[in-house]
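Residue numbers (this note's numbering), protein chains in the order written: chain A, 1 to 220; chain B, 1 to 224; chain C, 1 to 267.
FYI, nobody ran anything at the bench for these hints, they're computed from the structure. A couple of the hints might just be wrong.
[Said to hold, decoys possible] In silico DSS-like links for lysine-lysine, alpha-carbon gap of 30 angstroms or less:
| no. | chain 1 | residue 1 | chain 2 | residue 2 |
| --- | --- | --- | --- | --- |
| 1 | C | 38 | A | 11 |
| 2 | C | 148 | C | 121 |
| 3 | C | 38 | C | 121 |
| 4 | C | 146 | C | 78 |
| 5 | C | 71 | C | 146 |
| 6 | C | 41 | C | 78 |
| 7 | C | 207 | C | 247 |
| 8 | C | 146 | C | 99 |
| 9 | A | 217 | B | 49 |
| 10 | A | 11 | C | 146 |
| 11 | C | 170 | A | 11 |
| 12 | A | 11 | C | 71 |
| 13 | C | 61 | C | 134 |
| 14 | C | 187 | C | 207 |
| 15 | A | 11 | C | 60 |
| 16 | C | 38 | C | 78 |
| 17 | C | 148 | C | 201 |
| 18 | A | 11 | C | 204 |
| 19 | C | 134 | C | 78 |
| 20 | A | 11 | C | 61 |
| 21 | C | 78 | C | 148 |
Just so you know, these numbers come straight off a predicted model, no measurement behind them.
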Amino acid sequence: MPELLVAFSYKDVLFLLQGALVTIAMCAMAFSCGLVVALLIGLIRTARRFPALRWIGWGYVEIFRGTPLLMQIFIAYFGLSILGLELPRFVAVSIPLILYTGAYMGEIVRAGVEAVSRGQWEAGWSLGMSYRQLMRYVVAPVAVRIMIPPSVGFLVQLVKGTSLAYVVGYVELTRAGYIISQSTYATMLVFTLVGAIYFGINYPLSLASQRLEIRLKRHA
Amino acid sequence: MSYTFHWEVPLRNLPQFLWGALATLEMSGVACLLGLLVAVCAALARLSKHRFLRGAATAYVEAIRNTPFIVQLFYVYFGLVVVGVNLEAFSVAIITLTINCGAYSTEIIRAGIQSIHRGQTEAGLSLGMTHWQVFRHVILLPTLRVVWPPLASQFIATMLGSSVASQISAEELTYAGMMLESRTFRTFEIFFFITILYFLMARLFSFLFSLTGHKVFREAWGQL
Amino acid sequence: MRREVRGWGWMAALGLLLILASTLSAAAAESTLDQVQKRGKLNVGIGLGAPPFGFYDADKKPAGFDVDLAKLVAQELKVEIEWVDTSSVNRIPYLLTNKVDLVIATFGNTPERAKQVAFTKPYNSWNLVLLGWKKDRDIKSYKDLKGKTVGVTRGTTQDIAITRLAPEAKIVRYEDDPVAMLAFEQKKADVLPTAEVLALKKVKDNKDMEIKGLVSRSWAAIGIRRGDPDWLQWLNTFMDWHGGQGKFAEMFEKWNGVEMPPALPHW
Numbered sequence: 001m002p003e004l005l006v007a008f009s010y011k012d013v014l015f016l017l018q019g020a021l022v023t024i025a026m027c028a029m030a031f032s033c034g035l036v037v038a039l040l041i042g043l044i045r046t047a048r049r050f051p052a053l054r055w056i057g058w059g060y061v062e063i064f065r066g067t068p069l070l071m072q073i074f075i076a077y078f079g080l081s082i083l084g085l086e087l088p089r090f091v092a093v094s095i096p097l098i099l100y101t102g103a104y105m106g107e108i109v110r111a112g113v114e115a116v117s118r119g120q121w122e123a124g125w126s127l128g129m130s131y132r133q134l135m136r137y138v139v140a141p142v143a144v145r146i147m148i149p150p151s152v153g154f155l156v157q158l159v160k161g162t163s164l165a166y167v168v169g170y171v172e173l174t175r176a177g178y179i180i181s182q183s184t185y186a187t188m189l190v191f192t193l194v195g196a197i198y199f200g201i202n203y204p205l206s207l208a209s210q211r212l213e214i215r216l217k218r219h220a
Numbered sequence: 001m002s003y004t005f006h007w008e009v010p011l012r013n014l015p016q017f018l019w020g021a022l023a024t025l026e027m028s029g030v031a032c033l034l035g036l037l038v039a040v041c042a043a044l045a046r047l048s049k050h051r052f053l054r055g056a057a058t059a060y061v062e063a064i065r066n067t068p069f070i071v072q073l074f075y076v077y078f079g080l081v082v083v084g085v086n087l088e089a090f091s092v093a094i095i096t097l098t099i100n101c102g103a104y105s106t107e108i109i110r111a112g113i114q115s116i117h118r119g120q121t122e123a124g125l126s127l128g129m130t131h132w133q134v135f136r137h138v139i140l141l142p143t144l145r146v147v148w149p150p151l152a153s154q155f156i157a158t159m160l161g162s163s164v165a166s167q168i169s170a171e172e173l174t175y176a177g178m179m180l181e182s183r184t185f186r187t188f189e190i191f192f193f194i195t196i197l198y199f200l201m202a203r204l205f206s207f208l209f210s211l212t213g214h215k216v217f218r219e220a221w222g223q224l
Numbered sequence: 001m002r003r004e005v006r007g008w009g010w011m012a013a014l015g016l017l018l019i020l021a022s023t024l025s026a027a028a029a030e031s032t033l034d035q036v037q038k039r040g041k042l043n044v045g046i047g048l049g050a051p052p053f054g055f056y057d058a059d060k061k062p063a064g065f066d067v068d069l070a071k072l073v074a075q076e077l078k079v080e081i082e083w084v085d086t087s088s089v090n091r092i093p094y095l096l097t098n099k100v101d102l103v104i105a106t107f108g109n110t111p112e113r114a115k116q117v118a119f120t121k122p123y124n125s126w127n128l129v130l131l132g133w134k135k136d137r138d139i140k141s142y143k144d145l146k147g148k149t150v151g152v153t154r155g156t157t158q159d160i161a162i163t164r165l166a167p168e169a170k171i172v173r174y175e176d177d178p179v180a181m182l183a184f185e186q187k188k189a190d191v192l193p194t195a196e197v198l199a200l201k202k203v204k205d206n207k208d209m210e211i212k213g214l215v216s217r218s219w220a221a222i223g224i225r226r227g228d229p230d231w232l233q234w235l236n237t238f239m240d241w242h243g244g245q246g247k248f249a250e251m252f253e254k255w256n257g258v259e260m261p262p263a264l265p266h267w
């Protein structure tokens, strides 16, 4: 009788770590590009003088935060394909991840900007500062401090969220776990390892955020 | 690429979808409310003077926030059996969602409480307010006002995340969708359909939050 | 309230987009049969979560009965293979958006499914048996499942068969085989309908388990896009040619260790 199930071995651990690298790469790409989108959205959403822009920003955030990320990736790859728009796999997974990041981080940026009180804005205006100067010297220092904890909170969520890229065929950490589980049936062992590796990626991020938060508080 | 959509497939099965959506609402609604209770306790523990309490709450938050939901789900579903508790999938989903949502909300509430200056409490007392009045007007309401928008965001994320529970056979919207998918292979129609339902439920959560927000704080938010 | 109105506006726009999408169509292309040969490469959507039919071996290479079948198809077409690992969420979309040429994933070919994809003739058959516990003496076959909990993997041939044969059972459906097996082992399900080969292995490893008889005969077919008669015809000719020579029975024994049950399937 042939060997039905593969025995769990060190090779599987290596396979998981390989998957973890894909997770990290994908996450770094999505977060850095998403941040640019987020700044734009944060500014659009706080632009008092342009209501139309504000509504577009609102709609964008609602759609990307109100639907499952899995569906966003699914639609970008398969849905657009049905409409005749073929995107390469890498692009099809990048766009939704970036826009998803942009929506969540955009809200965090907005909250940061709005935390700067009216008085501070007006003080800046009356000193004759331009919009750019205001943003740079008055808003940014306060906003960044407020933004750090939720940003890292989201980053940690994004690390886990990239697992949904499996739907277009990427073998990252979670998918690697399923693959091993399905050929070894060692489900609990495999997913304990998967959880531990995610923790290994995320915990340093959480720790760094706490340190940074304390440091900035001291400077304030 | 030519593709003929058959929207009648999901439409004909509308009752199953609505039933699934209700199950998702029930599952995530209960978990969010229980999670909020857990979060308030854990946030107070995180800010308490007792080292043990602080440590335990921190460990809870870090352990949950830094690991994937599916792993937590497996642990509660399969792990509890080892200690003799054999629960069915739907209850397991609620428990795990509660634990998960609780950990994220703990941080939101902690940040909210910390945003209130210690001096304000003393100011309130020196103005002759009773302890209850100080708690209500100086601590509770301002804290709630700060945490309301991020909590709404978190609850929506919890609701969307509950779809993972279908993997351990908990019957909710994604489960209903995948059931029909496996019978008919109409993946596109079904996925577009449940995406719209999820979106509507997210709007519902948002709406409920801004409604209660208006009622409780009599304050308009920018846009929830 | 105005904000809510805007929300509905967005929904309406989304709906309009979908309606627009459903009326789009393009000109028919040449047969996949010709495309594959010109391309020199066969894109195979393969299910690798179901040993011994499709799984990843110790070196994370595709292996199993279905994998050998795909290799045989490619060999006859004299082309290379590109493996595309599929799961329940994306196998049909891969096929319908031309990203794979065929899907081999132990598909049960039901009339309902055949409205959406075209199936070739079945290429194998296997016994679906009921795995249970010795101590559950009241369960002797699938006929005794009234009120019992049955664990299955959602959408598989097991699911289709037991849903039909045991309408009064409580069926709990899991995402994949190992999770369903674990749930059975932990007594979250009383019985587990599964492939004979897997059940035999389990019974050998665990003396408390036993096989509670045959449930049905399962079989699998290859799925392709509808409206491509040349491709379908070629694949069916391929089936007849190799099936007639006993090639599939031989492959079946290699991976299952037991003889392939008679080809004529019955539910």
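Outcome of the hint check:
1. C:38 with A:11: Violated, at about 38 angstroms.
2. C:148 with C:121: 34 angstroms, violated
3. C:38 with C:121: 25 angstroms, holds
4. C:146 with C:78: 52 angstroms, violated
5. C:71 with C:146: Judged against 30 angstroms, a Cα distance of about 43 angstroms means the pair is violated.
6. C:41 with C:78: The given pair, whose Cα atoms are some 9 angstroms apart, holds under the 30 angstroms limit.
7. C:207 with C:247: It is violated: about 35 angstroms lies between the C-alpha atoms, which goes past 30 angstroms.
8. C:146 with C:99: Violated, because 43 angstroms separates the two Cα atoms, which is more than 30 angstroms.
9. A:217 with B:49: 20 angstroms, holds
10. A:11 with C:146: 44 angstroms, violated
11. C:170 with A:11: Roughly 39 angstroms separates the two Cα atoms, so the pair is violated.
12. A:11 with C:71: Holds, at roughly 25 angstroms.
13. C:61 with C:134: With Cα atoms ~37 angstroms apart, residue 61 of chain C and residue 134 of chain C exceed 30 angstroms; violated.
14. C:187 with C:207: 15 angstroms, holds
15. A:11 with C:60: 9 angstroms, holds
16. C:38 with C:78: Roughly 11 angstroms separates the two Cα atoms, so the pair holds.
17. C:148 with C:201: 24 angstroms, holds
18. A:11 with C:204: Distance of about 27 angstroms is within 30 angstroms: holds.
19. C:134 with C:78: Given that 30 angstroms is the threshold and the Cα spacing comes to 51 angstroms, the pair is violated.
20. A:11 with C:61: Given pair residue 11 of chain A, residue 61 of chain C holds - Cα atoms ~12 angstroms apart, limit 30 angstroms.
21. C:78 with C:148: 50 angstroms, violated
Hint violations for this structure: numbers 1, 2, 4, 5, 7, 8, 10, 11, 13, 19 and 21, all remaining hints satisfied.
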